[in-house]
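S.K.: Now for the letters of each chain:
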Amino acid sequence: MQHRIPVETLGQEGEVMAHAIEACVHCGFCLPTCPTYLVLGEEMDSPRGRIFLMKEVLEGNLPLEETLPYLDRCLACQACVTACPSGVPYGELIATFRLHTEGKRHRYPLEKVYRQALLRLLPYPERFRPLAQLGSRLKPLLQPLPLPKALKAPIALLPDHLPKEDPYQEVYPAKGVTKARVGLLLGCAQRVLRPAINRATIRVLQENGVEVVAVREQVCCGALNLHAGDKEGAKALARQNLKAFRNVDYVVTNAAGCGSGMKEYPLLFLGEPEEEEARALAAKVKDLTVILEEVGFTPPPPPKPPLRVAYHDACHLAHAQGVREAPRSILKAAGLEVLEPKEWEICCGSAGTYNLFQPEIAEVLGRRKAENLRATEPHLVVSGNIGCLTQIQAYLERGIPILHTAELLEMLYLGQDPREKGATLAS
Amino acid sequence: MGFLEELRALFPPGRLLTKEAELAPYESDALTAYRKRPLAVVLPERKEEVVEAVRLCYRHGVPFVARGSGTSLSGGSLPVEGGLVLALNRMNRILRLDPKARIAVVEPGVVNLEVSRRAAPFGLYYAPDPSSQPISTLGGNVAFNSGGAHCLKYGMTANHVLALEVVTPKGEVVHLGGPSLEGVGPDLHGFFVGTEGLLGVALEITLRLLPKPEAYHTLLAAYGSLEAAGNAVSQVIQSGLLPGAMEIMDRLSIEAAEAAVKAGYPQVEALLIVELEGPKEEVEEEAKLLAQVIGESGATEVRIAQSEAERQAIWKGRKAAFSAVGRLSPDYLVQDGVVPRSRLGEALREIGRLSQAYGLRVANVFHAGDGNLHPLVLYDGKKLGELERAEELAGEILKLCVRLGGSLTGEHGIGVEKKGYMPEMFAPEDLLAMERVKEALDPKGLANRGKVLPGYGQSPHQGGLKTDLGELYA
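Chains as they are written, first to last, in the numbering used here: chain W, 1 to 427; chain P, 1 to 474.
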């Protein structure tokens, strides 16, 4: 698409954005996969509509503020990237645009406080944990109160009981011959809300001949900050991780958003001294299921009786990282019947902090996703992302547990019945 | 009351768009070289709202454009400046699906593929398959008489529409056709299909559904030249076979499609896709004959899809080809001229020559079976004069098609893009007759003003029908 963006005055960010806009031919192949277009049915809330709006803003034809309601509603799920035949890097475009405009936009004082609170709490387990503990304890008291949605939404997402997280060892040796040595990204909110996922990931890797290093110096990946337009915050975290993971062959992630966040590090350091190292690290980042496939998966004993699991594609795995086959083939190799829900490409509405900032649309999407998953009549649902787990669980009946892929595999290695175990986890 | 005030009384705030940021994304369809900002966009949810909006436009003399997903490649849903856009995407209900009668009654905002999805449990499907079928709406398909790869065997949209409920530009609601294949009186619904929104807006569409073919046989053949692939098409037809589809892609479009969807195509000069479909035994017999014909056609490599997944991959690449060309060039114009099948090779050679003469790359991907070419003229709009050169080249290709005994458009429509070439194909008297039909139904010239008819919209009396041609030949 033609544009008159003054690329020269916008620096490298301008180039990234202009390149994406040029690649768009406005064909509309993105429309049917865009969750907000599905819900709202209007052009402004579609990928190509948003590309048009960003172009107009960058050209100086439209005031930023007028376009923000539509741009803010974008989940950045990147389903449009999967669907796009002309190869528009929409994920890079929206992320860069958000970084580029954050300082120029108006935010109400209360909104600022809320955002800052989230950005300063969630990425830091030592800060988030005590608050989450307090929140889940007070949940029964708070929930009936007529609180604003901005507060109700995060409280609803907290588990009823916050599990304890044991300290990590430095190194977890591989079982048998060591096939690879990987660093595990421990994450931020996930390790507080569901520490079992990291434990399970470590055990599954060990079972598969992988030595796991829980690198001490690591911090949150910074994806939250990056997607909220807080460039400096994201860079500070990324810099720390560049150092921390220097000495491992791979970095394994078990949250889709963290994996894609780390793969976006080069975007953060465009034209800066760290760019090279950021690219090198991004290339080392792999989802748990991808590394299992690469080292050669050693399946656990198959479940008895047979188990039907519906696999939910997390957007930041399927769309942002293009990982769809690995989890399926791992689950099938583990002897599970893998069910495919319809509308696999449509986001569940979690999308990082989306369900906190846009609770209404998130709720519509959450219900729709739960309905599609339920329709496959599974014993349980699996997915590779904590955000999806919490979001979908909120709309799925209690009878159908939802587990992280690592949790399910660990249960099989331990000879536990995922149905029973999952039911207790989900309650 | 003013027009906008009355519109406000008809549509609640979220469904009447008037702010700049709301209007900008509606400025163009899939032909972004043309852009016009409308006065307002409305999002009707019921047909009564469409009718009221059209009547309001008529009372106030405001031009209007109905649109669905905005996938037109000829600027067919380009807004009129100062006009109203009726965005019908929310009217996306399938009102009735009768598997016994094999019909579906749909609202105009229903997406083409959705009909087949809903009909699938009954073993039925909706045959016309434009490449945009996962996106484009039936209202638009009706307006443009959309075709697709499989129209070779099954015909275009017009062959599958049984009845229409239409609001005319004057706001009258009329019913054309009926649910039976044998209608009474003139084929008025057939007449409405393909009129590109000039005669009104479809409110309800009755579609014919077909039983899904029992078996498919999809063949991919590689050739050393486009001409060789074109000749193979003629040989297949001469052998007496009528495949469901026959498609050709050239090197550039193969490269683009491969980059976009990794269809696994061999990187060659030309690819021919042939798909046989029908009862299993019949397809098996036909496949033998096809193998023989292709074997003798000079193909350098032949592949048969061994599974439904492989078949889908072949089609995915073909159907993504247009947009995928966006990877090769920042801008392109898609042409859609038709030539007699017997003159395909000649047309392709001439297009190659024009491409060289103009110094612009042309990618070819087309419905070879029915001679419907899709040359994509690649250009860079940032380079001074390149758009104009591309348009000129595209025009030469259109003239070539007419000269060879074909037509300006197979399925994309005239829109704004090709209306200047209408006199190449039609005599002044023919055009005048079209304008008179338009005037009779749309005396104020409101419905999709400025499209299709060449003199139209350039008249000094905006809204009147005194066109240049009209004045000349009246």
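Hints were generated in silico from the structure; no laboratory data involved.
Do not take every clue at face value.
[To be verified] Beyond 12 Å from chain W on every Cβ pair, some chain P residues (computed):
| hint | residue |
| --- | --- |
| 1 | Glu45 |
| 2 | Pro423 |
| 3 | Val437 |
[What the hints assert, rightly or not] Cβ-Cβ distance ranges computed for the label pairs, FRET-style:
| hint | chain 1 | residue 1 | chain 2 | residue 2 | range |
| --- | --- | --- | --- | --- | --- |
| 4 | W | Glu126 | P | Lys316 | 58 to 64 Å |
| 5 | W | Gly335 | P | Lys316 | 30 to 36 Å |
| 6 | P | Arg389 | W | Glu232 | 57 to 63 Å |
[As the list claims (entries may be wrong)] Partial chain W-side listing against chain P, Cβ under 10 Å, derived:
| hint | residue |
| --- | --- |
| 7 | Met1 |
| 8 | Val25 |
| 9 | Asp45 |
| 10 | Pro63 |
| 11 | Glu65 |
| 12 | Glu66 |
| 13 | Phe269 |
| 14 | Phe297 |
| 15 | Thr298 |
| 16 | Pro300 |
| 17 | Val364 |
Backbone N, C-alpha and C fix where the C-beta goes; we use that ideal spot for every residue, glycine too.
S.K.: Going through the numbered hints above, which ones does this structure break? Give me the numbers in ascending order.
M.R.: 1, 4, 6, 13, 14, 15, 16, 17
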